[in-house]
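Model the full structure from these sequences, guided by the hints.
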Amino acid sequence: MSHHIIEINDLEYTYPDKTQALSGLSFKILHGESVAIVGANGAGKSTLLSHLIGILVPTKGTVRIGDYPLTKQTLPQIRRSVGMVFQNPDDQLFMPTVFEDVAFGPLNLGLPLQEVESRVMSALERVGAAHLRERPPYKLSSGQKRSVAIASVLSMLPDILVMDEPTSGLDPQARRQLIMLLTSFTHTKIIATHDLDLVLDVCERTIVLHNGLILADRPTMQIFSDTALLTQAHLEKPLGMQGCPICTPRS
Amino acid sequence: MSKMESYWLDLRQLDEMAIHKSVIHHIHPCAKLLTTVIFLTVVASFSKYEVSGLFPMFFYPMLLMILGELPLGPIMHRVLLALPFVMFIGIFNPLLDQIPFLQIGPLLISGGWISLFSIFLRFLLAVTAALILVATTGIDGIGMALLQLKVPRVFVVQLLFMYRYLYVLLEELIRTIRAHSLRSFQGEGIKIGVWGSLLGQLLLRTIDRAQRIYGAMLCRGFDGEIRLIGRKKLVGIDIVYFLGWSIFFIVVRLVNIPQWLGTLLIGGY
Amino acid sequence: MHMADALISPMVGGAMWLATAGLAAYSAQKVAKELDENKVPLMGVLGAFIFSAQMINFAIPGTGSSGHLGGAMILAILLGPHAAFLTIASVLTIQALFFADGGLLALGCNIFNLGFFPCFIAYPLIYKQIVGARPTQKRLFLGASLASIIGLQLGAFGVVLETIFSGISDLPFTTFALLMQPIHLAIGIVEGLVTTAVICFVWRERPEILQKAAMSAPLGTLGIKPVLVGLLFVTVLTGGALSWFASSNPDGLEWSLAKATGVEERQEPEADIYRILAGFQKNITFFPDYNFKEPEDIAVNAQQVRAQEVWPAVNSGKTIAGLVGAIMTLLLAGLIGKSLQLAIKRN
Numbered sequence: 001m002s003h004h005i006i007e008i009n010d011l012e013y014t015y016p017d018k019t020q021a022l023s024g025l026s027f028k029i030l031h032g033e034s035v036a037i038v039g040a041n042g043a044g045k046s047t048l049l050s051h052l053i054g055i056l057v058p059t060k061g062t063v064r065i066g067d068y069p070l071t072k073q074t075l076p077q078i079r080r081s082v083g084m085v086f087q088n089p090d091d092q093l094f095m096p097t098v099f100e101d102v103a104f105g106p107l108n109l110g111l112p113l114q115e116v117e118s119r120v121m122s123a124l125e126r127v128g129a130a131h132l133r134e135r136p137p138y139k140l141s142s143g144q145k146r147s148v149a150i151a152s153v154l155s156m157l158p159d160i161l162v163m164d165e166p167t168s169g170l171d172p173q174a175r176r177q178l179i180m181l182l183t184s185f186t187h188t189k190i191i192a193t194h195d196l197d198l199v200l201d202v203c204e205r206t207i208v209l210h211n212g213l214i215l216a217d218r219p220t221m222q223i224f225s226d227t228a229l230l231t232q233a234h235l236e237k238p239l240g241m242q243g244c245p246i247c248t249p250r251s
Numbered sequence: 252m253s254k255m256e257s258y259w260l261d262l263r264q265l266d267e268m269a270i271h272k273s274v275i276h277h278i279h280p281c282a283k284l285l286t287t288v289i290f291l292t293v294v295a296s297f298s299k300y301e302v303s304g305l306f307p308m309f310f311y312p313m314l315l316m317i318l319g320e321l322p323l324g325p326i327m328h329r330v331l332l333a334l335p336f337v338m339f340i341g342i343f344n345p346l347l348d349q350i351p352f353l354q355i356g357p358l359l360i361s362g363g364w365i366s367l368f369s370i371f372l373r374f375l376l377a378v379t380a381a382l383i384l385v386a387t388t389g390i391d392g393i394g395m396a397l398l399q400l401k402v403p404r405v406f407v408v409q410l411l412f413m414y415r416y417l418y419v420l421l422e423e424l425i426r427t428i429r430a431h432s433l434r435s436f437q438g439e440g441i442k443i444g445v446w447g448s449l450l451g452q453l454l455l456r457t458i459d460r461a462q463r464i465y466g467a468m469l470c471r472g473f474d475g476e477i478r479l480i481g482r483k484k485l486v487g488i489d490i491v492y493f494l495g496w497s498i499f500f501i502v503v504r505l506v507n508i509p510q511w512l513g514t515l516l517i518g519g520y
Numbered sequence: 521m522h523m524a525d526a527l528i529s530p531m532v533g534g535a536m537w538l539a540t541a542g543l544a545a546y547s548a549q550k551v552a553k554e555l556d557e558n559k560v561p562l563m564g565v566l567g568a569f570i571f572s573a574q575m576i577n578f579a580i581p582g583t584g585s586s587g588h589l590g591g592a593m594i595l596a597i598l599l600g601p602h603a604a605f606l607t608i609a610s611v612l613t614i615q616a617l618f619f620a621d622g623g624l625l626a627l628g629c630n631i632f633n634l635g636f637f638p639c640f641i642a643y644p645l646i647y648k649q650i651v652g653a654r655p656t657q658k659r660l661f662l663g664a665s666l667a668s669i670i671g672l673q674l675g676a677f678g679v680v681l682e683t684i685f686s687g688i689s690d691l692p693f694t695t696f697a698l699l700m701q702p703i704h705l706a707i708g709i710v711e712g713l714v715t716t717a718v719i720c721f722v723w724r725e726r727p728e729i730l731q732k733a734a735m736s737a738p739l740g741t742l743g744i745k746p747v748l749v750g751l752l753f754v755t756v757l758t759g760g761a762l763s764w765f766a767s768s769n770p771d772g773l774e775w776s777l778a779k780a781t782g783v784e785e786r787q788e789p790e791a792d793i794y795r796i797l798a799g800f801q802k803n804i805t806f807f808p809d810y811n812f813k814e815p816e817d818i819a820v821n822a823q824q825v826r827a828q829e830v831w832p833a834v835n836s837g838k839t840i841a842g843l844v845g846a847i848m849t850l851l852l853a854g855l856i857g858k859s860l861q862l863a864i865k866r867n
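Chains as they are written, first to last, in our numbering: chain A, 1 to 251; chain B, 252 to 520; chain C, 521 to 867.
Cross-link-like lysine-lysine pairs, in silico, BS3-like; alpha carbons within 30 Å at most:
#: 1; chain 1: B; residue 1: 484; chain 2: A; residue 2: 139
#: 2; chain 1: B; residue 1: 484; chain 2: B; residue 2: 272
#: 3; chain 1: B; residue 1: 483; chain 2: B; residue 2: 401
#: 4; chain 1: B; residue 1: 272; chain 2: B; residue 2: 483
#: 5; chain 1: A; residue 1: 18; chain 2: A; residue 2: 60
#: 6; chain 1: B; residue 1: 272; chain 2: C; residue 2: 858
#: 7; chain 1: B; residue 1: 272; chain 2: B; residue 2: 401
#: 8; chain 1: A; residue 1: 72; chain 2: A; residue 2: 28
#: 9; chain 1: A; residue 1: 60; chain 2: A; residue 2: 72
#: 10; chain 1: A; residue 1: 237; chain 2: A; residue 2: 28
#: 11; chain 1: C; residue 1: 865; chain 2: B; residue 2: 272
#: 12; chain 1: A; residue 1: 72; chain 2: C; residue 2: 553
#: 13; chain 1: C; residue 1: 553; chain 2: C; residue 2: 732
#: 14; chain 1: C; residue 1: 732; chain 2: C; residue 2: 658
#: 15; chain 1: C; residue 1: 865; chain 2: B; residue 2: 483
#: 16; chain 1: A; residue 1: 28; chain 2: A; residue 2: 60
#: 17; chain 1: B; residue 1: 254; chain 2: A; residue 2: 139
#: 18; chain 1: B; residue 1: 484; chain 2: B; residue 2: 401
#: 19; chain 1: A; residue 1: 60; chain 2: C; residue 2: 732
#: 20; chain 1: A; residue 1: 18; chain 2: A; residue 2: 72
#: 21; chain 1: B; residue 1: 483; chain 2: A; residue 2: 139
#: 22; chain 1: C; residue 1: 732; chain 2: A; residue 2: 18
#: 23; chain 1: A; residue 1: 139; chain 2: B; residue 2: 272
#: 24; chain 1: A; residue 1: 72; chain 2: C; residue 2: 732
#: 25; chain 1: A; residue 1: 18; chain 2: A; residue 2: 28
#: 26; chain 1: B; residue 1: 401; chain 2: C; residue 2: 553
What the hints contain is simulated information worked out from the structure, not anything from laboratory work.
These numbers come from a predicted model, not from an experiment.
Take a look at the structure:
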């Protein structure tokens with residue numbers, strides 16, 4: 001029997017300047033699922049993600065992660081099981097060296113130094129960045145920064161990986177490497193992205209957000225075959241599904 | 252703006268030097284920091300007119316630069332840039348202190364010139380010592396040393412953060428200024444009216460960034476206490492380094508070695 | 521302007537370091553206790569911001585000249601005095617370490633001059649009093665400008681005092697002060713303008729930032745303690761230094777001798793007479809066949825002879841020996857250096 005690992009009920013959020021970002025979302029995510037959150041800019045993707053790790057607190061509605069409802073008291077436990085990779089890796093890599101950045105999480109968990117060391121090295125090896133351990137973050141390329149940011153979250157051994165625009169700013173090869181990495185993860189994955197081809201490759205389920213509401217929540221292929229839905233949500237088909245540009249020129 | 256870009260480059264250069272592995276780099280940061288402090292204090296304690304006695308002190312930066320395999324160019328470049336500042340004050344000495352001090356042939360040298368030269372030597376010694384410290388230790392080493400010397404954690408953590416984001420902010424500022432200069436035609440300087448908005452926007456972006464960083468820290472379990480990995484332990488060579496240099500400095504301070512050397516050679520009076 | 525290691529004496533450097541360390545420890549305690557946990561990343565990032573902003577030259581309208589930002593006031597307004605003090609301290613530390621701005625020994629002085637005065641005096645006693653809880657554009661302008669100007673004047677005065685007490689530079693008090701204060705008045709005005717421009721911008725766009733900052737550091741929690749401690753320290757320093765001068769003045773006979781020879785006349789009142797004359801003693805050089813016992817034969821200044829008669833006879837060859845020895849030392853150093861270099865290359 002599969003149990004829900006994430007459960008969102010009637011989630012509403014209003015910013016301090018009175019803009020309503022989320023107007024009532026409900027969905028459940030199962031253990032091990034890969035779910036994409038897509039939508040136009042301003043649809044509420046990042047806001048939703050921020051709720052999943054408790055950076056933002058709902059103005060209405062509930063968030064439940066695993067066994068814990070999201071409250072101030074349960075935040076530490078929730079942050080142990082949810083790892084979030086931010087859109088801008090520079091916001092996430094703030095220690096003097098890569099090693100220290102990846103060690104930041106395990107150290108905060110109170111793990112002994114030896115355990116920290118082994119977690120850091122295995123996380124770095126997982127993302128292929130073991131050779132960067134003594135580098136300062138500013139010297140990394142954007143692809144490397146992205147990998148290290150992921151490692152900094154992996155080292156906490158989360159059950160759920162939440163990612164905000166993971167492929168933005170990456171060159172094609174770095175992007176491809178990232179996609180391969182993500183498909184190799186067995187974690188529950190929630191990915192907010194504009195990169196619809198990434199969604200095709202990695203996520204079997206897609207939630208479409210529009211103006212703070214869920215427009216659709218279906219298997220990925222169904223979403224991308226529904227042209228009307230895509231247009232309404234300010235999206236279009238992934239490039240991989242748009243046919244050969246020579247044989248079928250776009251009008 | 253070229254000043255910013257040159258600062259950025261200098262930072263990177265010093266940073267690269269610090270990653271290098273040499274004999275000096277391996278010495279414990281505490282030992283290096285304390286030795287530098289003793290060095291600076293001894294240099295400053297020389298009398299105002301001391302010139303020849305200061306020369307042996309040059310052994311310290313010289314030896315460290317060679318053993319530390321540090322490139323002379325960037326360090327000298329920094330020294331030269333800082334020079335006018337000090338000389339601006341120092342130049343008043345010859346103007347004010349005209350009492351003759353020394354006569355070499357027909358040339359009468361006043362006390363002011365002697366003290367100016369002394370100032371120049373002190374300057375060279377102090378500046379090279381500080382740069383060498385950074386070039387052989389790096390900011391993390393210095394942070395570690397400060398923590399072990401009981402400097403408040405809040406300050407050290409903040410220092411490391413600041414250093415980390417220096418690059419990010421300098422780059423952002425360089426881009427902003429470049430964009431501004433491409434669209435302005437008044438030459439040097441930015442008008443005050445533009446200033447407020449330009450700097451203000453950067454400030455707001457900075458504050459937002461700080462919020463995001465804080466969020467990232469929270470996500471990785473941050474609970475208010477920053478744990479740094481203090482990896483190094485003091486070993487014999489570190490203590491030898493510190494004591495050796497300190498004794499040398501004190502000897503140099505108490506005994507005017509060049510004078511002694513010269514007396515030996517000339518036969519003494 | 522920064523105090524430099526080349527111009528500082530260990531006593532002044534050490535004393536100011538003590539003051540700065542005390543203030544830093546106090547500020548760190550205060551910041552650690554504060555409820556606002558996200559101060560540390562904010563402090564770091566704002567520090568980087570101020571550092572970068574200091575690089576920019578901005579044109580002053582109407583004068584054709586340019587100036588740049590100090591930044592302590594902006595930090596104090598946004599972070600509160602304690603966090604701002606630590607932040608400006610770290611900016612100055614990086615500058616001293618990486619850019620040889622000032623020096624490590626003089627860092628204590630510089631942090632005190634550029635941190636204590638703006639954060640713990642100008643900010644609470646001037647800015648907060650003027651701006652209060654409900655800022656308006658006019659009040660922000662007045663508060664920021666006045667606070668910047670006075671903070672910088674005090675800081676500049678600190679540099680003057682520290683330089684004079686160190687005794688390495690010959691600049692007399694009045695001349696130096698007349699040099700520093702007006703320059704820093706201009707810098708202060710510019711700083712005030714820039715601070716106002718930036719703060720007004722923030723106040724227009726995101727007033728909640730200023731409100732939050734103002735609330736988290738009301739005047740009450742600052743307390744009068746750090747201000748008093750700082751001022752006490754300055755007083756002690758001044759007093760101690762003055763008495764040091766007094767005690768190092770030669771006693772009556774020598775004093776009047778010095779007066780008679782006119783040496784004292786040529787000096788400015790605050791200069792260290794004793795040290796200068798002692799310097800003479802050590803380093804006057806006369807050529808070997810010069811008989812300095814006969815005053816009439818002296819081609820150099822008469823004062824030096826008197827000085828000779830008052831203190832123990834100087835070894836006339838000492839200075840020449842010193843010069844020779846210095847050259848020898850350099851050559852020796854070069855030799856050792858080269859051989860080390862070769863040894864390393866071989867490895």
